[in-house]
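Number of protein chains: 2
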Amino acid sequence: MNLMQSSYNIASLIRKKRDRETLKEDELRYIIRAYSRDEIPDYQMSAFLMAVFLNGMSDEETAILTEEMLCSGEVVDLSSIPGTKVDKHSTGGVGDKTSLILAPMVAACGVPVPMISGRGLGHSGGTLDKLESIPGFSVNLDLNQYKQVLKKHNVVLIGQTEEIAPADKRMYALRDVTATVESIPLITGSIMSKKLAEGIDALVLDVKYGKGAFMKEASRAMELAKRLISVGESFGKQTVAYLTSMEEPLGNYIGNWHEVFESIQALQGEGPQDLMEVTELLAGTMIFLGGKADSVEAGIEQARESIRDGRAMQKFLDIVEEQGGDTEVIRNPETYPEASVQWDVTAQDEGYIHTLDAYSLGVAAVELGAGRMRKEDTIDPQAGLVLQKKIGAYVQKGETIVRCFSNNKQATDNADKKIRQAIEIKASEPEKTTLISHKITKEGVVSL
Amino acid sequence: MNLMQSSYNIASLIRKKRDRETLKEDELRYIIRAYSRDEIPDYQMSAFLMAVFLNGMSDEETAILTEEMLCSGEVVDLSSIPGTKVDKHSTGGVGDKTSLILAPMVAACGVPVPMISGRGLGHSGGTLDKLESIPGFSVNLDLNQYKQVLKKHNVVLIGQTEEIAPADKRMYALRDVTATVESIPLITGSIMSKKLAEGIDALVLDVKYGKGAFMKEASRAMELAKRLISVGESFGKQTVAYLTSMEEPLGNYIGNWHEVFESIQALQGEGPQDLMEVTELLAGTMIFLGGKADSVEAGIEQARESIRDGRAMQKFLDIVEEQGGDTEVIRNPETYPEASVQWDVTAQDEGYIHTLDAYSLGVAAVELGAGRMRKEDTIDPQAGLVLQKKIGAYVQKGETIVRCFSNNKQATDNADKKIRQAIEIKASEPEKTTLISHKITKEGVVSL
Chain A
301 MNLMQSSYNI
311 ASLIRKKRDR
321 ETLKEDELRY
331 IIRAYSRDEI
341 PDYQMSAFLM
351 AVFLNGMSDE
361 ETAILTEEML
371 CSGEVVDLSS
381 IPGTKVDKHS
391 TGGVGDKTSL
401 ILAPMVAACG
411 VPVPMISGRG
421 LGHSGGTLDK
431 LESIPGFSVN
441 LDLNQYKQVL
451 KKHNVVLIGQ
461 TEEIAPADKR
471 MYALRDVTAT
481 VESIPLITGS
491 IMSKKLAEGI
501 DALVLDVKYG
511 KGAFMKEASR
521 AMELAKRLIS
531 VGESFGKQTV
541 AYLTSMEEPL
551 GNYIGNWHEV
561 FESIQALQGE
571 GPQDLMEVTE
581 LLAGTMIFLG
591 GKADSVEAGI
601 EQARESIRDG
611 RAMQKFLDIV
621 EEQGGDTEVI
631 RNPETYPEAS
641 VQWDVTAQDE
651 GYIHTLDAYS
661 LGVAAVELGA
671 GRMRKEDTID
681 PQAGLVLQKK
691 IGAYVQKGET
701 IVRCFSNNKQ
711 ATDNADKKIR
721 QAIEIKASEP
731 EKTTLISHKI
741 TKEGVVSL
Chain B
301 MNLMQSSYNI
311 ASLIRKKRDR
321 ETLKEDELRY
331 IIRAYSRDEI
341 PDYQMSAFLM
351 AVFLNGMSDE
361 ETAILTEEML
371 CSGEVVDLSS
381 IPGTKVDKHS
391 TGGVGDKTSL
401 ILAPMVAACG
411 VPVPMISGRG
421 LGHSGGTLDK
431 LESIPGFSVN
441 LDLNQYKQVL
451 KKHNVVLIGQ
461 TEEIAPADKR
471 MYALRDVTAT
481 VESIPLITGS
491 IMSKKLAEGI
501 DALVLDVKYG
511 KGAFMKEASR
521 AMELAKRLIS
531 VGESFGKQTV
541 AYLTSMEEPL
551 GNYIGNWHEV
561 FESIQALQGE
571 GPQDLMEVTE
581 LLAGTMIFLG
591 GKADSVEAGI
601 EQARESIRDG
611 RAMQKFLDIV
621 EEQGGDTEVI
631 RNPETYPEAS
641 VQWDVTAQDE
651 GYIHTLDAYS
661 LGVAAVELGA
671 GRMRKEDTID
681 PQAGLVLQKK
691 IGAYVQKGET
701 IVRCFSNNKQ
711 ATDNADKKIR
721 QAIEIKASEP
731 EKTTLISHKI
741 TKEGVVSL
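From first to last, the protein sequence lines stand for chains A and B.
Take the position in the first sequence, starting the count at 1, then add 300; the result is the number in the numbering used here.
Take the position in the second sequence, starting the count at 1, then add 300; the result is the number in the numbering used here.
Isolated chain A, as found in the complex (with noise of 0.2 angstroms):
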């Protein structure tokens, strides 16, 4: 295909999908090549954003989006590593902390699970950040060592490195500052381009809706992850995606160690319902799809096995001693150091809790300390919140519903006003609400 630069007029295709036409296959390619190129300045890129942000691209134009992503770096051939490689996204929330217990699942169940993972944001954590607050973890590995980590433990959890879609770190520099991130084609090429050039075999996705997610509407969720499921199985990756509810934060802890805390009682057996129920259907739906279980359900008692029997634990010790970090504290985590300042926000009612919003945990969690409000900003490993009691629970007034963590005393106060906000509590009894909500594959949507 011939994309020499004089046979495009970009503001000509930018007017095209201003007015809702369909880009040719070379024309997008063109876009998204000459951009990376530095042939197209950003105040047409960001007009043509815009437009797409507003008129949308059909799921031909979204995988050739995705490709040409893809091809501006690196694509990793793991095709030397037997087995099916598997890898999870989610598509974020508060507390998600399922990569952490699920990758040494899986691992220890015999697929190779080849994890490059973000940092936090906004509101939402981030893998990353979870992971170096293990003292000595290092996720900087290089594409090199990211194989040979998981040749040797069928496991590796890095950070994204320059050589992974570039075009996508640009772009997404460009979205966040032009109000253009939520756009559906736009979110799946960046996810896409990411896990494509990992050297996957099969994809599961955790897509998120509802307050604490990017998703808030279930609707929007489904179009993504339909979407997410048609570009992924256009490049011939098995691709499966759950839509999850993301009203109260996943599992009981928020913060960087305390979720790797979590993750640790997790993979000790001692993990929470609801985080167990996501965690171990993602990990049984890899299993299933990288071709060590017959089905998802017996990929779910493989992936729990794997627990009881101190598999999985010993698989995440052994990342944790690969990848240079602290193993004592793996094992005796109640010596990690507590943060100084630490306080309960109690109930002001008796009755039934019948909100604990996530979005606003998250961005309270974040305050002190367990997020960036500015990108400058450095993580503070201790800072978080841990619920004591979840939604539907029944509450005396000055009952602890949230232990809140953080080594700033500036920021307690605001924090602590928008945790009160975040909870309500009434006299009758909440309708309890679907934690997984629809499976998606390319055959389609069945209700769970």
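Source of the hints: derived by calculation from the structure; they are not laboratory data.
Accuracy of the hints is not assured; some may be wrong.
One copy or two, either will do: identical chains are not told apart, so a pair holds if it fits within one copy or between any two.
[Stated by the list, open to error] List time: in silico BS3-like cross-link candidates among lysine-lysine, alpha-carbon distance up to 30 angstroms: (1) K526 with K316; (2) K717 with K689; (3) K469 with K316; (4) K592 with K537; (5) K675 with K324; (6) K316 with K675; (7) K717 with K324; (8) K316 with K717; (9) K697 with K732; (10) K324 with K516; (11) K726 with K697; (12) K709 with K675.
What you are looking at is a predicted structure, and each value in this text was computed from that prediction instead of being measured.
Assemble the complex: chain A is given as a structure, and chain B must be docked to it using the hints.
Showing chain B alone in chain A's frame:
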């Protein structure tokens, strides 16, 4: 109003427009001011402009946008010049030389005409380029000279100076390369900020629709006309608009000197019917708004009288002399040198002319040298087309329809082909079309 940068987050303002919310007055003022001060980069402005293009602006937002663009530069104070100052603006077409004819007519009738014009754009001609075909004529007067000439002759014809609406200049350059030109609020801001800066008291607008206009559909032209009226009146300026058809060129001459030639004929009472119908209506309306006639009809009568008694022609000679132009060639236009290449496009069939596509003829004239294909191109004042027949005329096979003039032999084949394709001849007589369809004022729309 406090418009400190720190109070605003440009990404969140882009988001508001993206989500179809109405911007608050201070938010919109901030965007234009901060962009003018280089505090908002082009890549954020272009995303904002695309959001405006696709989601629109309210009348109130458009008025605020216009005011900020206006206030980015100097607003000429003409209060020292007696009388109601009235200008005319056309949204652009092919063969539209009404400014050259009506400015001296209206000035001769005692209404001051302060006119700051533009250059040719795409397929359409520009008043400045036409004036510069007169040897020696200078359109580059500063704002002080502008006032002096207006005071002396009741009329002045200049180009946009650096001081006039610099925000429009920057925004237009950005819109031009980001496919955000054809937006009603952005066009309105651009036109009205420049016109209001002239120091006018009233404005007559010629909003064109059809093949040779920028708005192809009458409904879009109507929408633009209403928006222009709304903004003009919100600034306390009497504003009247006419919707006029631009299917075939206006008058018979296209090209810079050719249009000056036809204007001289018109000022001597020899103008073609369609050109005079539009010119007299616009002039009559200006004379009425300028308080020198009790009605538009009486204004038209005065305008006609100014031609009959030679005052309009004398006024034109006065302007040319004042602004450095050669009056001899105006008195004896047949002495103007002719283009080296001349040929006729003749009728391929016998029948009625149904189409003389103004857009294609405009593009052909540009290719022959009458306009700029690239910004750096120079204009050939001798290049152009003369229509020997107009729509509705009955022609014999081989009869000349268009006489073509160029000094660029390379361009003739292509232009010839375009001109042939612009002509459609049928056996049946075409239906009469309306030249001037509606009058729009703050009181409402009247069909004409």
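Hints, verified against the model:
1. Proximity of K526 and K316 under a CA criterion of 30 angstroms is satisfied in both settings, with 25 angstroms inside one chain copy and 27 angstroms between copies.
2. Taking the shortest Cα distances, K717 and K689 sit within 30 angstroms of each other inside one copy (18 angstroms), while across copies they are farther apart (80 angstroms).
3. For a Cα distance limit of 30 angstroms, the shortest separation of K469 from K316 qualifies both inside one copy, at 25 angstroms, and across copies, at 25 angstroms.
4. Only within a single protomer do K592 and K537 lie at most 30 angstroms apart by alpha-carbon distance; the minimum there is 17 angstroms, versus 78 angstroms between protomers.
5. For the identical chains of this complex, K675 and K324 are inter-copy neighbours only, at 29 angstroms across copies versus 37 angstroms inside a copy, given an alpha-carbon limit of 30 angstroms.
6. Taking the closest pair of Cα atoms, K316 and K675 come within 30 angstroms of each other only across two copies (23 angstroms); inside a single copy the shortest separation is 35 angstroms, beyond that limit.
7. Taking the closest pair of Cα atoms, K717 and K324 come within 30 angstroms of each other only across two copies (29 angstroms); inside a single copy the shortest separation is 52 angstroms, beyond that limit.
8. Taking identical chains as interchangeable, the C-alpha atoms of K316 and K717 lie at most 30 angstroms apart only when they sit on different chains, with a minimum of 27 angstroms there against 48 angstroms within one chain.
9. In this homomeric assembly, K697 and K732 come within 30 angstroms of each other (Cα to Cα) only inside a single copy, at 23 angstroms, whereas the closest approach across copies is 84 angstroms.
10. For a Cα distance limit of 30 angstroms, the shortest separation of K324 from K516 across copies, 26 angstroms, qualifies, whereas the shortest one inside one copy, 32 angstroms, does not.
11. Proximity of K726 to K697 under the C-alpha cut-off of 30 angstroms is restricted to the intra-copy arrangement: shortest distance 12 angstroms within a copy versus 90 angstroms between copies.
12. Proximity of K709 to K675 under the C-alpha cut-off of 30 angstroms is restricted to the intra-copy arrangement: shortest distance 21 angstroms within a copy versus 61 angstroms between copies.
In this structure, every one of the numbered hints holds.
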